[in-house]
Amino acid sequence: ILNVEQSPQSLHVQEGDSTNFTCSFPSSNFYALHWYRWETAKSPEALFVMTLNGDEKKKGRISATLNTKEGYSYLYIKGSQPEDSATYLCAPGSSNTGKLIFGQGTTLQVKP
Amino acid sequence: GAGVSQTPSNKVTEKGKYVELRCDPISGHTALYWYRQSLGQGPEFLIYFQGTGAADDSGLPNDRFFAVRPEGSVSTLKIQRTERGDSAVYLCASSPNGGVSSYEQYFGPGTRLTVT
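So the protein sequences, as listed, match chains A and B.
Heads up, the first sequence is in this note's numbering, so the first residue is 1 and it goes up one at a time.
Heads up, the second sequence is in this note's numbering, so the first residue is 1001 and it goes up one at a time.
This is chain B alone, in the form it adopts within the complex (with noise of 0.2 Å):
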């Protein structure tokens, strides 16, 4: 069956733009998480979804940055005003049940994003 996948693959812009990453996790998965991965580091937790509702945002470095599952299954993250700093690889993962750490999660391919 099909995967995760996130839209775009890759994602060039200018300091002081907004930028919107897109996610289509698998379909049915109940939970969603959004994690980014800067250089040299592992991937850093930015937010998870469980249905429609965020029930964890403690990640999301700044206001900034703002992620939306509207009908429970596609997700947003939006960045208003990049910096250069956010130049990372974002990473997208569902789960069939989330706020268990035993279940497995399934990743997409990332957006890697660039800031100039």
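For reference, chain A alone in the conformation it holds in the complex (with noise of 0.2 Å):
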């Protein structure tokens, strides 16, 4: 069973901070790294999808990282928007069944 940790587990910023949380799973048996985003009332929706150490992936002003060999994933928001209030779900990939296990999250609430 994978242990995935997530921190902070809450954060409140200024429109404009740029920001960073973290995700942390066992770095043996690595298959993939998924991130979403979750806003209240409505579906969880995919940022990214990572399977290469040292992969770096961006869309618009959010962009992550990964490093398998130590175990940790950082997602990155530069020039935070009040639209990017959510909260922010990493989860590793199972070999075999592709089931995702999920942090309990980072939630980010950006106050115009």
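The hints are simulated quantities; they were obtained by calculation from the structure and are not laboratory data.
Straight-line C-alpha distance at most 30 Å; calculated DSSO-like pairs for lysine-lysine:
| hint | chain 1 | residue 1 | chain 2 | residue 2 |
| --- | --- | --- | --- | --- |
| 1 | A | Lys58 | A | Lys78 |
| 2 | A | Lys42 | B | Lys1078 |
| 3 | A | Lys42 | B | Lys1017 |
| 4 | B | Lys1017 | B | Lys1078 |
| 5 | B | Lys1015 | A | Lys42 |
Cβ pair distances, simulated, as ranges:
| hint | chain 1 | residue 1 | chain 2 | residue 2 | range |
| --- | --- | --- | --- | --- | --- |
| 6 | B | Ser1038 | A | Glu70 | 28 to 36 Å |
| 7 | B | Ser1005 | A | Tyr74 | 27 to 35 Å |
| 8 | A | Asn53 | B | Glu1071 | 34 to 42 Å |
Glycine residues also receive a C-beta, built at the ideal position from the N, C-alpha and C atoms.
Hey, can you piece these two chains together into the complex? The hints should help.
Right under this line is the structure:
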């Protein structure tokens, strides 16, 4: 059973601030790492799927890095906007079924 | 195109009752996953279907929980003799191919189940 930890649990920032979150997971038997954004009353939205050590992915103001050897991933948001307010979830994928093991999430609140 | 849909969006039921939660995946997606999210936690895996068969049901908490996908598209999660601890958001996700963790999963908006 994978143990996935996300920090911080919650974060309050001002509009325009840049921020980052951490996801740590067991480095053995790694297959893929997913990041999702989940806004209240909406479906979780996929941000990134990362598979290779050293992977860096970017979507607009959001980017992520992956270190599979030490078992962590960072998610960065540059110039946070109120619409970035959501819970950000990371989830390593299982080897043979693709099931995701989620961390508890980081809840971001961006104040205008 | 249409995304994953789930019905109902909210369900309130009394302890001991039976409930069914429905998931309509994206057309053509062979893999379907059920997760549930309890307050303050991340989503927790329940069951994975590849086509019509349950390929991994290791996450079902006990025998009160059962899920079917008889034609390989729509899935129903069934909970018997509901308990207050079953209260959670039940999420469904589909994927073009299952069994590969590098494929993106597309989530529905969830069903919020409240057991009183």
